[in-house]
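Residues per chain, in single letters:
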Amino acid sequence: MTTAASAARTRSATDKVLRRRRIRQEWGRPWLYLPLTGLLLLMVTPFLWMLSGAFKPEADIRKIPPDLIPTRPTLANYRELLGTLDFTTMFANSVIVALAVTAGNLLFCSMLGYALAKLEFRGQRAVFTVVIATLMVPGLVTFVPLYVLVSNMQLTGSLLGLILPFLATPFGVFLMRQFISTLPDELIDAARVDGCRELAIFWKIILPLTRPALATLAIITFLSSWNNFLWPLVVAQNESQYTLPVGLALASSGQDFTRFGILLAGAVIVLLPVSIFFLLFQRHFVAGIATTGLK
Amino acid sequence: MPTSTLGGQGTKERDAAGPQPAARRRTPSPRLRRTARGRQARAAWILAAPFLALFLSFMLLPVVWSTLMSLTDTKSADLRTPLNVSFTGFDNYVRLFQDPQFFNALRNTAVFVLAALPLTLAAGLAAAVALDRGIRRFRAVFRVGFYLPVITSIVAVAVVWKTLLEPRTGLVNTVLGWFGIDGPAWLADTRFALPVMIVMAVWRNLGTVMIIMLAGLQSVPQSLLEAAEIDGAGAWQRFWRVTFPLLRPALLLTAVTTGIGYLQFFDEPFVMTDGGPLDSTLSATLYAYKQFGNGNYDVASAAGYVVFVLIIALTVLQFRLLRDKD
Chain A
1 MTTAASAART RSATDKVLRR RRIRQEWGRP WLYLPLTGLL LLMVTPFLWM LSGAFKPEAD
61 IRKIPPDLIP TRPTLANYRE LLGTLDFTTM FANSVIVALA VTAGNLLFCS MLGYALAKLE
121 FRGQRAVFTV VIATLMVPGL VTFVPLYVLV SNMQLTGSLL GLILPFLATP FGVFLMRQFI
181 STLPDELIDA ARVDGCRELA IFWKIILPLT RPALATLAII TFLSSWNNFL WPLVVAQNES
241 QYTLPVGLAL ASSGQDFTRF GILLAGAVIV LLPVSIFFLL FQRHFVAGIA TTGLK
Chain B
1 MPTSTLGGQG TKERDAAGPQ PAARRRTPSP RLRRTARGRQ ARAAWILAAP FLALFLSFML
61 LPVVWSTLMS LTDTKSADLR TPLNVSFTGF DNYVRLFQDP QFFNALRNTA VFVLAALPLT
121 LAAGLAAAVA LDRGIRRFRA VFRVGFYLPV ITSIVAVAVV WKTLLEPRTG LVNTVLGWFG
181 IDGPAWLADT RFALPVMIVM AVWRNLGTVM IIMLAGLQSV PQSLLEAAEI DGAGAWQRFW
241 RVTFPLLRPA LLLTAVTTGI GYLQFFDEPF VMTDGGPLDS TLSATLYAYK QFGNGNYDVA
301 SAAGYVVFVL IIALTVLQFR LLRDKD
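Each protein sequence line maps, in turn, to chains A and B.
Those letters in the first sequence? Residues 1 to 295, by the working numbering.
Those letters in the second sequence? Residues 1 to 326, by the working numbering.
Derived from the structure by calculation, the hints contain no laboratory data.
Predicted, not measured: the structure shown is a model, and the values here were computed from it.
Worth double-checking, as some hints may not be accurate.
What the hints assert, rightly or not - Using C-beta positions, here's what the derived DEER-type ranges look like:
#, chain 1, residue 1, chain 2, residue 2, range
1, A, Val44, B, Ala122, 18 to 24 Å
2, A, Leu280, B, Arg136, 23 to 29 Å
3, A, Gln25, B, Ile230, 49 to 55 Å
4, A, Arg29, B, Arg320, 43 to 49 Å
Stated by the list, open to error - Derived coverage of chain A by chain B (criterion: at least 3 residues anywhere in the stretch with Cβ under 8 Å from a Cβ of chain B; other residues may be distant):
#, stretch
5, 10-22
6, 28-39
7, 55-61
8, 74-84
9, 167-173
10, 222-228
11, 275-281
Quick reminder that beta carbons are idealized off the backbone N, C-alpha and C, glycines included.
All chains, full assembly: derive it from the sequences and hints.
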């Protein structure tokens, strides 16, 4: 009798240990979920607040205390936003500028990246060193002369002024060179043996193989162009050249910062495309940042 | 398998040569080598040309130009005739260092970097370790959530944070009110405006640090950790004695890149407070930008250069501090 009871007790004790081990294996350290969930909540609160405010009528935004969830959800803010500002043009400008800048960087950075990684030429080291050193130069050092330059080129009145200075960035060269260095030399040598011309090697053999790096560079470049605001704010001279952040910055600056509903709706329109884009492509994104250590 | 870097000529010779050392000894005639090398160099320059043309005009030229500009008296009136200015030596720098407003801007920048940089690194590292070692489920959810602020437009973020921090209708003071705390007018208060910027910066950048640290953690060999465990090392010891030293290079890289970004502290005060209240969030780069806005292109360039020198100094210092101690 007593042996059976103690056996049962031992069994339940081992069960407990086993269960604990299984939880540990499946979940890790359970207590950690509490601080992590707390931090997650802090991190996403601004986004939730924005979504909540963007769908509230203006009167409800002024309510004290505020409703955390809109009690009378409405699309009025978006309707007014599209009516007052030329949002379609700004959206189109943002897309055009970002696509052009991305295309330029993909092409030019991979070209130079390949030359630096796999070809031999005089001045190779110097080119690489100078290009990489400029990663340390603060944007404001080049800002003033760049403005003088672009305005003397008569580009301040066109989208070209927003595109040209960003077409070729040192970061892209760094990323492409690092990636292309990992491709085997034999590939290139074999192509040469087969009589492939130097430029054709780049175009037909190297470029298709760099697709993962190109995807990373495309995402990073597109996002930074989409979010860029200081240069377009200074250079764009009239509403037909504004990008989305410029429109939103001007609408929210100074004394006009009163229509919270409209501004939050504008913030949603600026943030939503990139957030969706990020959620879809986060794998490439994360891979690129992890390998280069830069964003 | 021919592995030399020569061109397509002399193929037969190399194919017959067999293994690599032999191939290297049997180099083709100098003439052939020269043309193959030449062809490669020509291709390299053709590939480099478009980038270098853009780089020279929109990066290198402005860098050199701004050095010169900081030594002249260029104002906005000289916009159309930028070469028609006079050389003034280091006058702009002297004027800069006699301006109490610039000193205040430097001090704000220093406070910002000294507070935000360690906080961002620590928070990012802690998040990465918790996600990599601590938990098994929902990792992707936490990773995406922590990273989301990184990709956002600062202009949109500013709008959202301004409404969050509204003294009466904002969420922050509402929540504080539940605990009986009467929250301040965050952005209009000289004591709180800069700390708010620091919190914002940590919020926006800890995701970057976390991603790089996660990659670093995955490269720590499992066998090393197991060996340490068998030797009786606890979790704490295993982290500080095994994992952390291996993370050092990745940590150094993020410290340097984040530091470079933070010394250029600009976006947050520009869109949130315009440097106010009472210059309490005026940063060095915002000072430079305001000088540019007032037409003082010369002073703006000089201030930009001071920040550049600080960036170089901080980078060197970090390499010294975090380098492997052999």
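*Can you give the numbers of the hints that this structure goes against, from lowest to highest?*
3, 4, 5, 7, 8
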